[in-house]
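Undergrad: So you can see what is in the structure, the chains are spelled out below.
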Amino acid sequence: MRSDSYTFKILRYDSTEHDREPYFTSYRVRVIPGLTILMVLLRIRDEIDGTLAFRSSCRSAVCGSCAMVINGKIDLACRTQAASFGTDTIILEPLPNLQIIKDLVVDMTPFWKMYEKIKPYLIRRNQNPEKEIPQTEEERKRIDQYVNCILCASCYGACPVPSKDPDYIGPAAFAKLERFVLDSRDERPKRSLEAVNDDKGVWGCDMVLRCIDACPKDVRPTDSIVGLRKQLLKYKSKKIFSMGKDED
Amino acid sequence: MLYHDVLIVGGGLAGLRAAVGLCDKYNVGLFSKVHPIRSHSIAAQGGINAALANNPEAKDDTWEKHTFDTVKGSDYLADQDAAEIMCKEASIIVYEMEHWGCPFSRFPDNSIAQRPFGGAGYPRTCYSTDITGHVLLNTLFERSVYKGVNIYSEYIVLALVVGDGKCHGVIVLDQLNGRIIPVLAKATLFATGGYGRVYYYSTNALTNTGSGIGIPYRAGIPIKDMEFVQFHPTSLIGTNILMTEGCRGEGGYLVNNKGERFMERYVPKAMELAPRDIVSRSIQTEIEEGRGFESELGNYIQLDLRHLGEKKIMEKLPGIRSICLDFIGIDPILEPIPIMPAQHYSMGGIDTDEKAETIVKGFYAAGECACVSVHGANRLGGNSLLDTIVFGKLGAIAIEEYLQTNEIKLDEKLVMGRKTEVEETIKKLTHSGHEKPFKILEELRGTMSQYVGIFRTKEELQLAFNKILELKEKYKHVKVSSPKPHMNYELIGAIELEYMLDICHIIVLGALLREESRGAHWRRDFPERKDADWLKHTVATLGKDGEPSISYKDVVITRYTPMERKY
Ligand SMILES: Cc1cc2nc3c(=O)[nH]c(=O)nc-3n(C[C@H](O)[C@H](O)[C@H](O)COP(=O)(O)OP(=O)(O)OC[C@H]3O[C@@H](n4cnc5c(N)ncnc54)[C@H](O)[C@@H]3O)c2cc1C
Ligand code: SF4
Ligand code: FES
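Protein chains in written order, with our numbering: chain A, 1 to 248; chain B, 249 to 815.
It is possible that some hints are incorrect.
Below, simulated PhoX-like cross-link-like pairs (lysine-lysine); rule was C-alpha separation at most 20 Å, straight line [stated by the list, open to error]: (1) B:336 with A:131; (2) A:113 with B:395; (3) B:336 with A:119; (4) A:131 with B:560; (5) A:117 with B:273; (6) B:560 with A:141; (7) B:559 with A:141.
Now the stretches of chain B that chain A is said to cover, found in silico as 3 or more residues with beta-carbon under 8 Å [unchecked claim]: (8) 357–371; (9) 447–458; (10) 522–536; (11) 669–677.
Stretch by stretch, here's where chain B covers chain A in the computed footprint (C-beta under 8 Å, at least three residues) [stated by the list, open to error]: (12) 17–23; (13) 63–71; (14) 146–156.
Simulated from the structure, these hints should not be mistaken for laboratory data.
Yeah, the Cβ is synthetic: ideal placement off N, Cα and C, and Gly gets one too.
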């Protein structure tokens, strides 16, 4: 099988060594067609440098562990082919907007905090039936786009807003919120959307659409932001007409 | 020292379901070596079985029929009382998951959609396109957020503390900070998943090392039926990523290099939807007899979906299509998918009963790491997701009972002592020796895939056995590069490797001794099922000499008399 020697420049950093700045280490690895960046990383850790840190689990682009910056572009290491860049030098860096813990591993705490903030679960007020809550195929399809999110934080890393405002909720959490708002079974009060009705919320988005590009699952978080904005405006105008009465 | 009333190890479906069931009443801590959402459960594709009778062709389906299929599929090694409980619970937990938000696919009458799966008499597999594990795990994680479950993400459990026939807690490594923490708990439930990564060819996540089976084994807890390893018929060549049974459930064909749907030769009635053990053997036979296709990535058979058409593929199997495009550059709408069988599921595991209890008080196990046994010698597709949630739930109920009816005294000193031992082990791994852990692991995986696969013989099993003993010897001289315990994946790998060697030792020993063919355990030298001698569970316990000692245990039979398994 054809193989070429590639250079992988990987950002190294250890948050416990406060006096040492991030630096790059280069590794040479033979690349055959089909070899993914994740396989390269595993090979480096197993055979060349046991101290290299990165996350992985499913190796099949479904668990969301391995998002990173690959030659300047955010993607999942496990679904990116090493030979797909037209160059034999590949630079790997951790996701932006999150603190580095070690090498390619970042602290995901802010990402999960925002996720929890939007109440990421089905809210019911009516009694559930004994069997399933009926839902049409059409209604089920409406949430498909958002259901597909694997919580990899690629979008969060690509978004320009969190670096300016760490309290910004962020694209993935909006997509999750819209997944529930659009779910025919969800009965969260409309007024609960007020929680994202400000600059930390849906109005903080600058619509630069980088999250759409970065997302490996075509979730298009911007669509959810647009959707949530529309619902907020609709709710506001309804509230005005009903003279401030809270109507859900 | 940390304290929790209940400690759950594992954030997959089984672990989350148990935690959600207990956290209202007790102080629960859930420890997982990866964030729960990254657990292997996320990757399950095809679906979860329950006799809801939603499919127009299955209006007379019942839990009894589901039980029968499960027992027959198990080649009669399943405990029938446990299988009954699981199948009876199935519709309850599927509706519960739906009420908690799980977005199942729907039928035109707005009910949960159900598809046919292998070895099942009725189409009873509930699904969400081909991402059923993803939606179930997300739903349970969401539920755990709602309930405020206390989750310790990226904390790996390294040892279990048992004394006086009772469980006192665990020793964990906080991976991000490198701290070794003793945790005291009145009840501990392991939900650590399977051990697929002891094989070279496996559909499992990289994290499925099986340390959660090795840890209790080392603490004296019996391990059951480990020789029964499921090989899934259809994994993508090269990466061995799973191509769900749903592909065949939706009508996909298996085709050899002569263009034949060869399943006709083996199981003319069920064809592609025969149970997994049978389909895997058929594919392997085709390849061995020269009717496979050749490639640099190994010999393969084709899984052909083209006749399903673009619309059906996009609607029912979109995830499969994107995996094919991402990982092998093939669009299944236009080309057949090259597949081969690969290790997929662990029927064996920690010896538990239908309440997730073990012989040690206060120690429970549920999900793929446990062996109840509801799957016996061969698991049916769609029954494992079911098993995880049902026994996660029942385990939580049993723990509640245990905590309510017992005065539990915990031994702090014992736990501290164990912590010191773990620290010693880590010191040894980082300070002396010369063997690279990965080299040993690589040899182990190669050995398991080559000699302990779909077809087995005494000679090959003996070779594997000797090799494992040799690797265990080598392991004594393992050394990892860095002594720092934080974010040290090589160190974690080295610790887990010891447990992987134990697991393989037990698998091979059980397989050598079992001189019959049953379900997934096929001996070329003993091709018959022998109920008179072998209708029994294999139980492995750590012997005084440090070697596994094997005994046997009766199978529970209630209403289904063992008969020949025909499809
Ligand atoms: C690709 C694929 C597809 C599948 N599709 C289906 C399907 O369609 N239908 C079906 O019924 N079954 C399917 N299965 C099987 C099913 O997915 C698994 O059996 C099931 O998800 C296992 O769930 P679990 O909760 O037992 O463990 P897992 O989901 O594997 O979770 C294990 C957890 O334990 C943690 N852990 C492990 N060891 C330790 C340790 N030492 N310390 C701390 N934490 C630890 C991990 O972090 C993880 O959170 C599939 C399996 C595969 C491989
Ligand atoms: S929206 Fe896309 S990029 Fe963002 S977390 Fe979800 S899958 Fe990842
Ligand atoms: S390893 Fe799971 S998404 Fe890459």
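Undergrad: Against each hint, give a clear statement of whether it holds in the structure.
TA: To see whether the hints hold, each was checked on the structure:
1. B:336 with A:131: holds, 15 Å
2. A:113 with B:395: Holds, at roughly 15 Å.
3. B:336 with A:119: This hinted pair is violated, its Cα atoms lying about 32 Å apart.
4. A:131 with B:560: Cα-Cα ~27 Å, so violated.
5. A:117 with B:273: violated, 24 Å
6. B:560 with A:141: With a Cα-Cα distance of about 14 Å, the restraint between residue 560 (chain B) and residue 141 (chain A) holds, given a limit of 20 Å.
7. B:559 with A:141: This hinted pair holds, its Cα atoms lying about 14 Å apart.
8. 357–371: This one holds; 3 residues, not fewer than the three required, reach chain A with a Cβ under 8 Å.
9. 447–458: That given contact holds, which follows from 3 residues of the stretch 447–458 of chain B lying within Cβ reach (below 8 Å) of chain A.
10. 522–536: violated (count 0)
11. 669–677: violated (count 0)
12. 17–23: violated (count 0)
13. 63–71: holds (count 3)
14. 146–156: holds (count 4)
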